[in-house]
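If you want the building blocks of each chain, they are given just below.
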Amino acid sequence: MVGTPVLFIAIPLLAAFLIPLIGMVWKESVRIIPGLVLAYLLVLAINLLSYVTVNGPIVEVIAGWAPPIGINLVFNAFSGFLVTIMVFMGLLVWLYSYRFKSNVEYEAARKYFLLLMMLVTGSVGIVLTGDIFNMFVFIEITGISGYALTAFYTGRDSAEASFKYLMMGSIASVLLLLAIMIIYSQLGTLNMADVASKMHLMDPKLKAVSFILFVIALGIEAEVFPLNGWAPDAYAEAPGPVGAAFAGIVVKAAVYALIRYTYTIFDLSGAFNLLIIIGLITLVVAEVAAIRQEKLKRMLAYSSIGQMGLVLVSFGIGTKEGVFAALFIMLNHAIIKPLLFFSGSYLVYHSKKKMISDVDGMGKLAPLTSILFTLGAFAIVGLPPFAGFWSKLSFLMAAADSNMLLIIGLILTVSVVELVYYMRVVNRIFFFKRATHLLARRPTFNAYVVMIVLGLMILGIGFYPDSVSNYLHHAANSLFDKSQYIHSVLTATIQ
Amino acid sequence: MDSTYFQYLDYAVYGTAVLVMLTGLYAALVKRSLLKIVIGLSIVDSGLNLLIVTLGYLKGGTAPIFSAGYDGTQTMVDPIPQALVLTAIVIGFGVTAVALSLVIRLWRHHHTLYIDEIKNLKW
Chain F
1 MVGTPVLFIA
11 IPLLAAFLIP
21 LIGMVWKESV
31 RIIPGLVLAY
41 LLVLAINLLS
51 YVTVNGPIVE
61 VIAGWAPPIG
71 INLVFNAFSG
81 FLVTIMVFMG
91 LLVWLYSYRF
101 KSNVEYEAAR
111 KYFLLLMMLV
121 TGSVGIVLTG
131 DIFNMFVFIE
141 ITGISGYALT
151 AFYTGRDSAE
161 ASFKYLMMGS
171 IASVLLLLAI
181 MIIYSQLGTL
191 NMADVASKMH
201 LMDPKLKAVS
211 FILFVIALGI
221 EAEVFPLNGW
231 APDAYAEAPG
241 PVGAAFAGIV
251 VKAAVYALIR
261 YTYTIFDLSG
271 AFNLLIIIGL
281 ITLVVAEVAA
291 IRQEKLKRML
301 AYSSIGQMGL
311 VLVSFGIGTK
321 EGVFAALFIM
331 LNHAIIKPLL
341 FFSGSYLVYH
351 SKKKMISDVD
361 GMGKLAPLTS
371 ILFTLGAFAI
381 VGLPPFAGFW
391 SKLSFLMAAA
401 DSNMLLIIGL
411 ILTVSVVELV
421 YYMRVVNRIF
431 FFKRATHLLA
441 RRPTFNAYVV
451 MIVLGLMILG
461 IGFYPDSVSN
471 YLHHAANSLF
481 DKSQYIHSVL
491 TATIQ
Chain A
1 MDSTYFQYLD
11 YAVYGTAVLV
21 MLTGLYAALV
31 KRSLLKIVIG
41 LSIVDSGLNL
51 LIVTLGYLKG
61 GTAPIFSAGY
71 DGTQTMVDPI
81 PQALVLTAIV
91 IGFGVTAVAL
101 SLVIRLWRHH
111 HTLYIDEIKN
121 LKW
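Residue numbers (this note's numbering), protein chains in the order written: chain F, 1 to 495; chain A, 1 to 123.
Hints listed in this document are in silico derivations from the structure and should not be mistaken for laboratory results. C-beta atoms are modelled at their ideal positions from N, C-alpha and C, and glycine is treated no differently. It is possible that part of the hints are untrue.
As the list claims (entries may be wrong) - If you want a taste of the chain A side facing chain F, the calculated C-beta under 8 angstroms gives, among others:
1) Ile91
2) Arg105
3) Ile118
For reference, chain F alone in the conformation it holds in the complex:
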């Protein structure tokens, strides 16, 4: 082993605090340090992930208090897989925003990268921690940096979007803390594995109440309908890369938390059906809302919510194939949606209102950006041979194995809706005449690199889906092995 899981939290947190200090001496460092940190974490994540697929989970005891008393971090195939995706997305967001708006001031860059580091710390912490109160703290770290990043631009209506996010977020945190305290008052422990092993002792009514509180609280962060009122505004008003970071990092962490509570901690029989129902409602409402949007980023935001609904349905199937499909959809969403946000925000760069109609005729002005956007659009609706096809196929196969034919029909119908609104934009890009005199903005070199890397990954996974399915199978197995999770945490010793 080359490192331990605690570095995923310690290093970005330290970097976030050091950025303003080192920035006083050397101004360029505020842009460079986050990149070095994220690159190192990515190498570490890949190393640890290949270690745990062979040797089983790593449980790290913090501060010398063995579980169930102290806080512990769990890096297994499932959480490690998500950490790898999140750190990778963080690196791409950093690269994209390295010279984001070349006129960006030192002051603004310092705040932006500091908050980005905090966002990564919080999200990775949510995934790694093995303690429910610690998870609450990380959710708050993510939330507060998310509010600040949403309000980053002073000119637009970003403060309004951010206030909305903050209101829903702080109500979520109250409900979350209430749910945690109900568990603590009944079981006297905060360690996830310990809670999971004692869960059968809890009064069923209180168990149901605290589970529902958890679902509502995490549903706000995971953009589940009807708790997602903040999401379209936050995506539309935040800077482009921040929208990508929300889609690629924050939402993944919230969905992870929801899944960890449903699968490992609570043993409620109706929980899977609840996931399917809220997932389906989210999916249908979001896709129908997306087709009515006139602003490009709002449309992408609703599409993002819809994808999360699909992930929840897939987790709700409750079989190994279902979990495999859900993880595959999450992986693809983490690759495709940032590409759409990155290229989309360049397509409407100069327009004030960021309307979908502003992309008319962009195919001639900015061919490469348009092609990359189209690639993302094709991939997310699930056209072969792109990445999204395989995840949708594995989802349909998992649903078919469980005889959920009604769900298959519904998902295919919704996919048609999805196809319609993405093809509408693509059609406008290539076949409409340009009505305004706004010129296209040339993406920066870094932005091109990021978009092309994402495009190549979409094609790569599309042609060789086996390259990732091995990791996905390991991750799905480790989520199902509840007793191994509990055993490995409770027998962990101080290394």
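On the provided structure of chain F, position chain A as indicated by the hints.
This is chain A only, laid out in the frame that chain F set:
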């Protein structure tokens, strides 16, 4: 007076905590002024903190500190909820600070604090 009345009184603090939380929730969801919403959110936090401390309380318990005068016979209150409340207070403070700075931004932008008049995004 019979002591059963006082046993019910033991639960009064739970009722108070829940009442404080509901008051704050009412303010946060019904009031139209941004400042009152922020105050409401912070009242909800206070009510929750009160509830958490109450959960860890034992009747006749002392402070959970092993000091020279402690003889091992007295009961101690549960220290973990107190530690959690400390964390929750700090987080609540941070959220309130961010919320107030956003309110200042909104005031500068719109010159009003009433959310009915700030409608560029749909509420």
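Hints, one by one, checked against the model:
1. Ile91: holds, 5 angstroms
2. Arg105: Hint on arginine 105/A: holds, closest Cβ of chain F at ~4 angstroms, below 8 angstroms.
3. Ile118: holds, 6 angstroms
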